[in-house]
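Novice: Construct the entire structure; sequences and hints are all you get.
2 protein chains.
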Amino acid sequence: MAGTDRSKKSAPDDAATARPVPAVVLVEPQLGENIGTASRAMLNFALTDLRLVNPRDGWPNERARAVSSGADQVIDGARLCASTVEAVADLDYVIATTARSRDLVKPVFTPETAAAKLKQVIEGGGKAGVLFGPERTGLNNDDVTLADAVMMVPVNPSFASLNLAHAVLLMGWEWFKLGDATAPERVEYLDTRPANKEELVGFYEHLEGALDKSGFLRPVERRYLMVRNIRNMFNRAGLTEQEVRTLRGIVASLTRRVPRGEGPEEG
Amino acid sequence: MAGTDRSKKSAPDDAATARPVPAVVLVEPQLGENIGTASRAMLNFALTDLRLVNPRDGWPNERARAVSSGADQVIDGARLCASTVEAVADLDYVIATTARSRDLVKPVFTPETAAAKLKQVIEGGGKAGVLFGPERTGLNNDDVTLADAVMMVPVNPSFASLNLAHAVLLMGWEWFKLGDATAPERVEYLDTRPANKEELVGFYEHLEGALDKSGFLRPVERRYLMVRNIRNMFNRAGLTEQEVRTLRGIVASLTRRVPRGEGPEEG
Numbered sequence: 009m010a011g012t013d014r015s016k017k018s019a020p021d022d023a024a025t026a027r028p029v030p031a032v033v034l035v036e037p038q039l040g041e042n043i044g045t046a047s048r049a050m051l052n053f054a055l056t057d058l059r060l061v062n063p064r065d066g067w068p069n070e071r072a073r074a075v076s077s078g079a080d081q082v083i084d085g086a087r088l089c090a091s092t093v094e095a096v097a098d099l100d101y102v103i104a105t106t107a108r109s110r111d112l113v114k115p116v117f118t119p120e121t122a123a124a125k126l127k128q129v130i131e132g133g134g135k136a137g138v139l140f141g142p143e144r145t146g147l148n149n150d151d152v153t154l155a156d157a158v159m160m161v162p163v164n165p166s167f168a169s170l171n172l173a174h175a176v177l178l179m180g181w182e183w184f185k186l187g188d189a190t191a192p193e194r195v196e197y198l199d200t201r202p203a204n205k206e207e208l209v210g211f212y213e214h215l216e217g218a219l220d221k222s223g224f225l226r227p228v229e230r231r232y233l234m235v236r237n238i239r240n241m242f243n244r245a246g247l248t249e250q251e252v253r254t255l256r257g258i259v260a261s262l263t264r265r266v267p268r269g270e271g272p273e274e275g
Numbered sequence: 009m010a011g012t013d014r015s016k017k018s019a020p021d022d023a024a025t026a027r028p029v030p031a032v033v034l035v036e037p038q039l040g041e042n043i044g045t046a047s048r049a050m051l052n053f054a055l056t057d058l059r060l061v062n063p064r065d066g067w068p069n070e071r072a073r074a075v076s077s078g079a080d081q082v083i084d085g086a087r088l089c090a091s092t093v094e095a096v097a098d099l100d101y102v103i104a105t106t107a108r109s110r111d112l113v114k115p116v117f118t119p120e121t122a123a124a125k126l127k128q129v130i131e132g133g134g135k136a137g138v139l140f141g142p143e144r145t146g147l148n149n150d151d152v153t154l155a156d157a158v159m160m161v162p163v164n165p166s167f168a169s170l171n172l173a174h175a176v177l178l179m180g181w182e183w184f185k186l187g188d189a190t191a192p193e194r195v196e197y198l199d200t201r202p203a204n205k206e207e208l209v210g211f212y213e214h215l216e217g218a219l220d221k222s223g224f225l226r227p228v229e230r231r232y233l234m235v236r237n238i239r240n241m242f243n244r245a246g247l248t249e250q251e252v253r254t255l256r257g258i259v260a261s262l263t264r265r266v267p268r269g270e271g272p273e274e275g
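As you go down the protein sequences, you meet chains A and B in turn.
Position in the first sequence counted from 1, then plus 8, gives you the working numbering.
Position in the second sequence counted from 1, then plus 8, gives you the working numbering.
Worth flagging that the hints you see were computed from the coordinates, not collected in a lab.
The reader is advised that the hints may include incorrect statements.
These stretches of chain A come out as covered by chain B in the derived footprint (C-beta under 8 Å, 3 or more residues) [said to hold, decoys possible]:
| hint | stretch |
| --- | --- |
| 1 | 76-89 |
| 2 | 113-127 |
| 3 | 165-171 |
| 4 | 174-181 |
| 5 | 194-208 |
Below, in silico cross-link-like pairs of lysine to aspartate or glutamate (DMTMM-like), each with a Cα-Cα straight-line distance of 25 Å or less [to be verified]:
| hint | chain 1 | residue 1 | chain 2 | residue 2 |
| --- | --- | --- | --- | --- |
| 6 | A | 125 | B | 196 |
| 7 | B | 114 | A | 249 |
| 8 | A | 135 | A | 100 |
| 9 | B | 114 | A | 251 |
| 10 | B | 185 | A | 120 |
| 11 | A | 127 | B | 196 |
| 12 | A | 114 | B | 207 |
| 13 | A | 114 | B | 196 |
| 14 | B | 127 | A | 193 |
| 15 | B | 125 | B | 188 |
| 16 | B | 114 | B | 94 |
| 17 | B | 114 | A | 199 |
| 18 | B | 114 | A | 193 |
| 19 | B | 205 | B | 249 |
| 20 | A | 125 | B | 193 |
Residues on chain A that point at chain B, a partial pick, calculated with CB under 8 Å [as the list claims (entries may be wrong)]:
| hint | residue |
| --- | --- |
| 21 | 48 |
| 22 | 49 |
| 23 | 51 |
| 24 | 52 |
| 25 | 53 |
| 26 | 188 |
| 27 | 190 |
| 28 | 248 |
A quick note: this is a predicted structure, and the numbers were derived from the prediction, not measured.
No residue lacks a Cβ here, since even glycine has one placed at the ideal position from N, Cα and C.
Specialist: Following this line, the structure appears as structure tokens:
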């Protein structure tokens, strides 16, 4: 999907990326594609600290860069580590992503709770990170033991295998949302604004006058109910001031006497 | 990531998939890979109604199936449509996914709000769906006009280009969460249970008795503070009954008099 504002790309202290972020640690990832799409997903949500523990096909990996859609900041900054212990050495708090329960007594978080916990650690001045295991097998139990908590993504139990980059994306998304102030619902009014009640009633009276003349609002004992329903229908549309003017234009146009010879053909 | 319970796969009326779901409409998708990974993402979150409007490389597409990791239910059930209007004809409510603002006065939802709206429509007995546009250009304005609302995913403004399957994944995830009852945080105790206070204090007294004998808790005027800090440290670990027994075993082992000749070698 298009939409990146390239002009903002060079700003080194961009507000969205200046915030301290959790590290993403990919342990023994197998496919360069997944490292690349995970990097893209990370940068979409302003995560920039990628650590790779023994990627199967080595590092750097041109396939990873090719599918990252320009997430060079993440790809170029990725740290290659020889072990999970090395990758998390500087971290104060680590969450291990797993797809199945392990034989370990440890808190298990949903992605939302995991993100909230990461935020809490980071806002307290600590460094935090999330571990993701190899595509086929997931993290081994030694790596899970190293972590302070486990993140499990609730999924359809009959099709539970999440793609590696998709798991990274969900964690990034839940993290990003905690710092995002986008209104849950908004309407952009561009060059116009919602019509006020005076404008709406002006239109309703204009329309009802035309309909009285055309005979639509008969019999008279049904007029009240018909008018109420028509007003309610237009009210529900949340019309803008401009749309009310358009509607008045439509009514005017439909009621204009067409000069003989310019009307629609008959028959 | 591993974890699918294959035994559940054949159940046709699986609770997770029996629930009516929103349709996912991919308009002119370019890459078979994206159709495949989107299908996988859909099924991870129990979405099964895929509609394809003029996919560039035709349909069926073996590349799509290959990368879907077994989401055959979605791939095989996908409906090929000649136009967006055809694809949404039976739907009562449609949300268009866009990456940028359009010159249209229409409600703009976050993915969470979009999911809540879809749920509201579907629980009211209606049929709903979400449109996703081609990778490079996104939906055209005619398709957006057809929709009742717009969904925009808040992203890092300096790297805003979301992968098509990733956009589908986020919508699926927000939808799935609304029907999911997973506890935000839980601890699995397996064959054990949290230690009760009697067990904990029993261990503390065992340890402190040993430390009194070994001389660790001196001088006596510091004993109270040292004991308090040691107890607090172990308390914070949230020990299980089994772990308390392990710790008592460790203390017993460390304080056992080793018979001459069986101790660790000296020097």
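Novice: Which earlier hints can't be squared with this structure?
Specialist: none
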